[in-house]
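2 protein chains.
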Amino acid sequence: MNILILSAGTRNKVVQYFKKELNGLGEVIATDCSGLAPAIYDADRHYIVPRIDAPGYMDVIFDICRKEKISAVLSLIDPELSMIAHDADRFRELGVMPVISFPELVDTAFDKYKMAQLFKENGLKTARCYLSVEEFTEARKRGEIDYPVFVKPVCGSASIHINKVSSDEELQGLFSMYDDLMIQEYMTGQEYGADVYIDMISGKCSQIFIKKKIKMRAGETDKSVSVHIPELFDQIVSFTEKTGFRGIIDIDIFEQNGEYYFSEINPRFGGGYPHAYACGVNVPRQIIANIEGRENPVTVGDYSDGIVMMKYNEVMIREMTDCE
Amino acid sequence: MNILILSAGTRNKVVQYFKKELNGLGEVIATDCSGLAPAIYDADRHYIVPRIDAPGYMDVIFDICRKEKISAVLSLIDPELSMIAHDADRFRELGVMPVISFPELVDTAFDKYKMAQLFKENGLKTARCYLSVEEFTEARKRGEIDYPVFVKPVCGSASIHINKVSSDEELQGLFSMYDDLMIQEYMTGQEYGADVYIDMISGKCSQIFIKKKIKMRAGETDKSVSVHIPELFDQIVSFTEKTGFRGIIDIDIFEQNGEYYFSEINPRFGGGYPHAYACGVNVPRQIIANIEGRENPVTVGDYSDGIVMMKYNEVMIREMTDCE
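Each protein sequence line maps, in turn, to chains Y and R.
Number 167 in the numbering used here belongs to position 149 of the first sequence; there are no gaps in the numbering.
Number 252 in the numbering used here belongs to position 234 of the second sequence; there are no gaps in the numbering.
I should point out that these hints are in silico values taken from the structure, not numbers from a laboratory.
Any given hint could be a false lead.
The list makes no distinction among identical chains, and a pair is therefore deemed to hold if it is satisfied within one copy or across any two copies.
Straight-line distance between alpha carbons at most 25 Å, and here's what the computed SDA-like set of lysine to any residue pairs gives [stated by the list, open to error]:
#1 K230 - L250
#2 K182 - P171
#3 K37 - P73
#4 K85 - L112
#5 K87 - D320
#6 K260 - S322
#7 K233 - E342
#8 K143 - Q34
#9 K233 - Y59
#10 K233 - F251
#11 K182 - D320
#12 K159 - E209
#13 K230 - D340
#14 K87 - V318
#15 K233 - D340
#16 K37 - G237
#17 K159 - L112
#18 K130 - V172
#19 K38 - E249
#20 K222 - V78
#21 K230 - M338
#22 K87 - V183
#23 K37 - E259
#24 K87 - D164
#25 K222 - S52
#26 K230 - N331
#27 K222 - R160
#28 K233 - E332
#29 K182 - Y196
#30 K159 - T261
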């Protein structure tokens, strides 16, 4: 049972966890478009592949699946998730289980405005958002929202171009400079992250890990502490099962005045997943069970409170000539 | 022989290297003002201390030196370097060797304008810089410099407030908003970093490691490759020995049109030091030799070319109740 991890980048821990959980049952194969992606060297074997937007990219991946007798595939970068989801059937024809949600949901998660609508339709609170200056101005007149606000691209990952905006001039300026922006209510409350697994066979939400974010660095959770919030457990189980997410997803949540606001979903391993794993929320093992045709029992909240994760830099050293 | 590492923060690798090199000869004691500093948990023992600007801070450190029979002390954060340097004699009275340069040099290194003067006085190239809009405007009229330029605080570490500025309006705006800014020639060339050890006994530059920076992330070198540049070796040896730097320092250099421009010096272990260590440039071992009263032989350039370093996230996991 070999597992293929696409665009592994610097996510060495995820590669290491799969190797450990497979424990000789199978191998981990990793890819990246760069030879300077440290995570690929922690895999049993790796391939340097074209960039995901190169013509014929997916054919290269399908070839690797055949050659390496791959049983399951997952990607660690946002722009590739949609590709995997839309090509899910072609993977299945090759006997490969794509660890990803349904394509419409993956596309929705990538569009922050549509995602906000989906949260609302399912009874969850989310930050108010507007697609145009006019819409926002009307809402402001009604007293629904006021400055400061966030301005961000509707589609986009990481914290690119996210600006706190406090005046009409700035707002007009940004909208005249960039396309596809949205205006979002400014959230200042405590941030939480949830690592969630939805069983690929039963469709049941089998595990949730919630961490309170203590410190961010370059758009990533740098320090966090594990917490139990039963209200969030209930909301997440209900939302993910009703909408049909599958596999591993990462949810960002704000707490504002005692209420929880759902901010976004990344339908992949989040950058803070090592915290969950260290607390026993073993998603690689659940994925392996699913590959073997076994459903995972529901063990939501099965971890300890008050466990802290602190990131630091480790280094991978290689000869340059072995990286090309 | 116990070694004290102050403000260890997330610099786990430096703590690990000292433990490894001491190899039972002595212990590593680490401090930080936060219990959420992962590096302190890699030390043999640690202390949570007040913030460095708290009254009586140095007395707390001196007490630790006495209690733990410390033989040498070093700090990993910029604002503390000057404190250690100025209190060097008080450390020596306690039998502690402060691994730091002379206080005037540490103060100079923290002032980017003075440092630029020091580079120039010693015949090294450095980016042109100006302390006022008027001075810059005059130089611009003379054709000495033109937009774009960097605007940065004269004193300050990391990449705080560093802006590329392209017009008089922006420049005036920044100078009206912030104090103590300087205007610097915009450098676009290849960046290099040098990890340099100047023997604490002989005052000779005993080791230099040069890395070409391949990728930066959040102001830190994320990927780099080892290189030999004999011209830079000569310049660094001559400059550090003439000016009297001591111990471990980190130098930032730009290459522009085939010439090397010295940018700044951090008189401490740089964030990219693990690359040098992995290539055999063993500064902890040289520090230990100095503590034992032994001079280090000069081994400048004693490492291999073409070795790549790639950083990735490791995690330290602890119970919150053990972090307070």
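Evaluation of the provided hints:
no. : hint        : verdict
1   : K230 - L250 : within (12 Å within a copy, 47 Å between copies)
2   : K182 - P171 : both (13 Å within a copy, 23 Å between copies)
3   : K37 - P73   : neither (31 Å within a copy, 50 Å between copies)
4   : K85 - L112  : within (11 Å within a copy, 66 Å between copies)
5   : K87 - D320  : neither (34 Å within a copy, 45 Å between copies)
6   : K260 - S322 : neither (27 Å within a copy, 57 Å between copies)
7   : K233 - E342 : between (36 Å within a copy, 16 Å between copies)
8   : K143 - Q34  : neither (36 Å within a copy, 45 Å between copies)
9   : K233 - Y59  : between (29 Å within a copy, 18 Å between copies)
10  : K233 - F251 : within (23 Å within a copy, 39 Å between copies)
11  : K182 - D320 : neither (38 Å within a copy, 49 Å between copies)
12  : K159 - E209 : neither (29 Å within a copy, 51 Å between copies)
13  : K230 - D340 : between (40 Å within a copy, 17 Å between copies)
14  : K87 - V318  : neither (33 Å within a copy, 49 Å between copies)
15  : K233 - D340 : between (36 Å within a copy, 18 Å between copies)
16  : K37 - G237  : neither (27 Å within a copy, 32 Å between copies)
17  : K159 - L112 : neither (56 Å within a copy, 68 Å between copies)
18  : K130 - V172 : within (5 Å within a copy, 40 Å between copies)
19  : K38 - E249  : neither (33 Å within a copy, 47 Å between copies)
20  : K222 - V78  : neither (33 Å within a copy, 55 Å between copies)
21  : K230 - M338 : between (39 Å within a copy, 12 Å between copies)
22  : K87 - V183  : neither (51 Å within a copy, 54 Å between copies)
23  : K37 - E259  : neither (29 Å within a copy, 50 Å between copies)
24  : K87 - D164  : neither (56 Å within a copy, 59 Å between copies)
25  : K222 - S52  : neither (36 Å within a copy, 40 Å between copies)
26  : K230 - N331 : both (21 Å within a copy, 19 Å between copies)
27  : K222 - R160 : neither (41 Å within a copy, 72 Å between copies)
28  : K233 - E332 : both (19 Å within a copy, 16 Å between copies)
29  : K182 - Y196 : both (15 Å within a copy, 20 Å between copies)
30  : K159 - T261 : neither (34 Å within a copy, 64 Å between copies)
Violated hints, in rising order: 3, 5, 6, 8, 11, 12, 14, 16, 17, 19, 20, 22, 23, 24, 25, 27 and 30; the structure is consistent with all others.
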